[in-house]
Amino acid sequence: MNTLEQEKLLLKGLAGEDKQAIEQIYRDNYNMIKNLVINNNGTIDDAADIFQEAMIVLFEKAKLEDFELHCQIKTFIYSVSRRIWLKKLQKQARYTTSSDSLEETIPVEDDVENHEKKQNDFNLMEAALAKVGEPCKSLLEAYYIHKKNMNEIAGSFGYTNADNAKTQKYKCLVRLKKLFFAQYKLTP
Amino acid sequence: MEDTLLIDAVERFANGEMSVQEKTYFEDLRKNNPELDQAVVEYLFFMNEIQKHSKAKNFKNALHEVESKLLIEGFITKGSTAGKAKVLQLWGKYKRTIAVAASIAGLVSIFIASVVSSVSNNGSDTNLKPLVEKLNSQESKTRQLETKLNKLEAGTTASKTPVKPRLDARFRATGFLIDANNNYIVTNAHVVSQVKNNLIIENNKGDQFTATPVYVNKEMDIAIIKVTDSNFKKLPVLPYNIKKSSADLGETVFMLGFPKAEVVYGEGYISAHSGYNMDSLFCQLSTAANEGNSGSPVINRSGDLVGVINSMEKNADGVVFASKANNITKAIAEAKKITGNEDINFKGSNALRGLDRVSQVKKLQDYVFMVKGN
Numbered sequence: 001m002n003t004l005e006q007e008k009l010l011l012k013g014l015a016g017e018d019k020q021a022i023e024q025i026y027r028d029n030y031n032m033i034k035n036l037v038i039n040n041n042g043t044i045d046d047a048a049d050i051f052q053e054a055m056i057v058l059f060e061k062a063k064l065e066d067f068e069l070h071c072q073i074k075t076f077i078y079s080v081s082r083r084i085w086l087k088k089l090q091k092q093a094r095y096t097t098s099s100d101s102l103e104e105t106i107p108v109e110d111d112v113e114n115h116e117k118k119q120n121d122f123n124l125m126e127a128a129l130a131k132v133g134e135p136c137k138s139l140l141e142a143y144y145i146h147k148k149n150m151n152e153i154a155g156s157f158g159y160t161n162a163d164n165a166k167t168q169k170y171k172c173l174v175r176l177k178k179l180f181f182a183q184y185k186l187t188p
Numbered sequence: 001m002e003d004t005l006l007i008d009a010v011e012r013f014a015n016g017e018m019s020v021q022e023k024t025y026f027e028d029l030r031k032n033n034p035e036l037d038q039a040v041v042e043y044l045f046f047m048n049e050i051q052k053h054s055k056a057k058n059f060k061n062a063l064h065e066v067e068s069k070l071l072i073e074g075f076i077t078k079g080s081t082a083g084k085a086k087v088l089q090l091w092g093k094y095k096r097t098i099a100v101a102a103s104i105a106g107l108v109s110i111f112i113a114s115v116v117s118s119v120s121n122n123g124s125d126t127n128l129k130p131l132v133e134k135l136n137s138q139e140s141k142t143r144q145l146e147t148k149l150n151k152l153e154a155g156t157t158a159s160k161t162p163v164k165p166r167l168d169a170r171f172r173a174t175g176f177l178i179d180a181n182n183n184y185i186v187t188n189a190h191v192v193s194q195v196k197n198n199l200i201i202e203n204n205k206g207d208q209f210t211a212t213p214v215y216v217n218k219e220m221d222i223a224i225i226k227v228t229d230s231n232f233k234k235l236p237v238l239p240y241n242i243k244k245s246s247a248d249l250g251e252t253v254f255m256l257g258f259p260k261a262e263v264v265y266g267e268g269y270i271s272a273h274s275g276y277n278m279d280s281l282f283c284q285l286s287t288a289a290n291e292g293n294s295g296s297p298v299i300n301r302s303g304d305l306v307g308v309i310n311s312m313e314k315n316a317d318g319v320v321f322a323s324k325a326n327n328i329t330k331a332i333a334e335a336k337k338i339t340g341n342e343d344i345n346f347k348g349s350n351a352l353r354g355l356d357r358v359s360q361v362k363k364l365q366d367y368v369f370m371v372k373g374n
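Protein chains in written order, with this note's numbering: chain L, 1 to 188; chain H, 1 to 374.
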């Protein structure tokens with residue numbers, strides 16, 4: 001199997017949230033990003049965060065139906081990480097000089113910007129979920145994130161039947177929606 | 001309630017759970033009711049957000065799982081598990097700056113240290129203040145006048161009782177009797193070292209008696225002086241004992257001393273087992289003390305001697321140090337070895353035990369003396 005096919009398989013695995021694929025990508029690329037961040041005023045914790053973000057960007061891309069990576073995974077992760085890290089440095093005014101001897105990068109501005117918007121929405125939803133309170137939060141998470149069916153949920157939350165759990169879930173959803181949009185409409 | 005019905009419909013619509021008939025009916029409703037249509041659009045959008053969120057969350061969870069697996073394996077390290085790495089990295093980054101800063105700091109501190117040591121009086125610790133009161137010339141002058149007056153009186157009225165010559169003292173401190181039979185008194189070594197000519201003690205009635213140092217130990221800051229004056233009237237047996245074990249933290253204590261020309265009562269508590277700079281020969285008290293308190297006996301509630309006041313910290317309020325009581329025992333034992341002092345013998349009693357404070361002080365007063373000299 002040549003490298004190109006291996007990479008395609010990895011990306012397919014990534015899109016399907018396959019842990020083995022994720023692990024393989026970690027092993028192939030993490031040290032490179034660690035060096036990039038640490039050599040540019042970052043800490044080892046920063047490096048771990050940046051790598052995760054790059055993984056999410058790659059994941060979002062891999063999920064797209066018409067996705068086709070025109071470069072190596074390595075190059076993509078490196079370019080995205082570098083872009084995100086430089087942005088962070090600029091925000092913290094820690095940005096000194098970017099060493100332009102850095103390896104070749106591909107243009108990833110759009111991907112990173114897209115990712116930032118998604119990250120923002122993600123944080124909004126997290127905040128709304130935190131505000132909606134218990135048991136709503138657990139109930140909604142059980143249904144929407146852990147994909148449990150209503151019968152299971154009714155059992156584990158102590159509702160007498162699935163219909164009652166469903167009514168409760170709808171009520172929670174109404175509250176969550178209000179909380180989410182209250183913030184969502186404020187952000188440009 | 002309407003909301004939940006609507007959500008139910010939207011959810012089933014989005015998940016394709018509606019029958020064809022229901023779906024047509026629902027779509028007709030939307031077409032004819034723009035408000036409802038708007039609500040549906042909003043819900044669809046929101047559902048989509050939740051779906052995106054749940055997908056992102058699930059992926060993040062998967063990432064975390066992989067990350068923690070690699071963390072355990074040691075392939076990835078993090079600051080919390082390897083704090084050293086961050087410090088090392090900072091060191092690497094700033095070592096030149098740190099080296100320059102350190103050398104400047106070093107030079108500055110050497111410079112300051114030399115200035116401080118040249119300014120401060122040599123030898124003695126600048127943070128410690130021995131509690132001997134140096135009497136000013138004004139007081140000396142009054143004394144001189146008094147002496148002259150006394151002489152004058154003596155000459156003219158030829159009174160029967162011979163008036164003792166009053167000493168022009170340069171300093172004042174405190175001492176207390178440790179041998180009522182042979183009239184030995186304990187005070188501080190730094191008090192005795194002030195003496196250039198004469199050393200006297202004065203009782204609470206103002207009578208003065210000449211004394212002479214017989215033993216000085218600077219390390220423990222303990223000195224023993226002997227009252228040599230033949231006019232000194234022997235006192236009954238000492239009302240206190242020397243506490244054998246060291247004083248307990250928090251133990252309340254009181255003291256009598258001469259921070260002024262009259263006996264002054266003070267109280268406090270033992271605040272530390274060691275003295276200045278962790279000196280184990282001393283203990284620390286929390287109390288108020290002033291110049292003149294040097295040599296004051298520190299007595300605990302049951303009337304045992306626990307120490308001898310010797311100094312206070314200059315830069316802190318109420319931090320007073322006392323030589324521990326077992327230093328007195330040591331000093332007596334050593335003084336005994338010196339020819340001429342073989343008779344020294346501490347014989348105490350527990351006459352203060354069980355008395356209220358006022359009675360304790362009354363009894364103790366006779367055994368505490370002002371130590372003066374020039």
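Hints were generated in silico from the structure; no laboratory data involved. Misleading hints may appear alongside valid ones.
[To be verified] Below, a sample of chain L positions facing chain H; criterion: calculated Cβ distance under 10 angstroms:
1. Glu-7
2. Leu-14
3. Glu-17
4. Ile-22
5. Phe-67
6. Met-125
Where a beta carbon is used, it is the ideal one built from N, C-alpha and C, also for glycine.
Here is how each hint holds up against the structure:
1. Glu-7: 18 angstroms, violated
2. Leu-14: The hint holds - Leu-14/L has a Cβ within 10 angstroms of chain H, the shortest such distance being about 9 angstroms.
3. Glu-17: Check passed: Cβ of Glu-17/L comes within 5 angstroms of chain H, closer than 10 angstroms.
4. Ile-22: Holds - the Cβ of Ile-22/L comes within 10 angstroms of chain H, reaching about 5 angstroms at its closest.
5. Phe-67: 15 angstroms, violated
6. Met-125: 4 angstroms, holds
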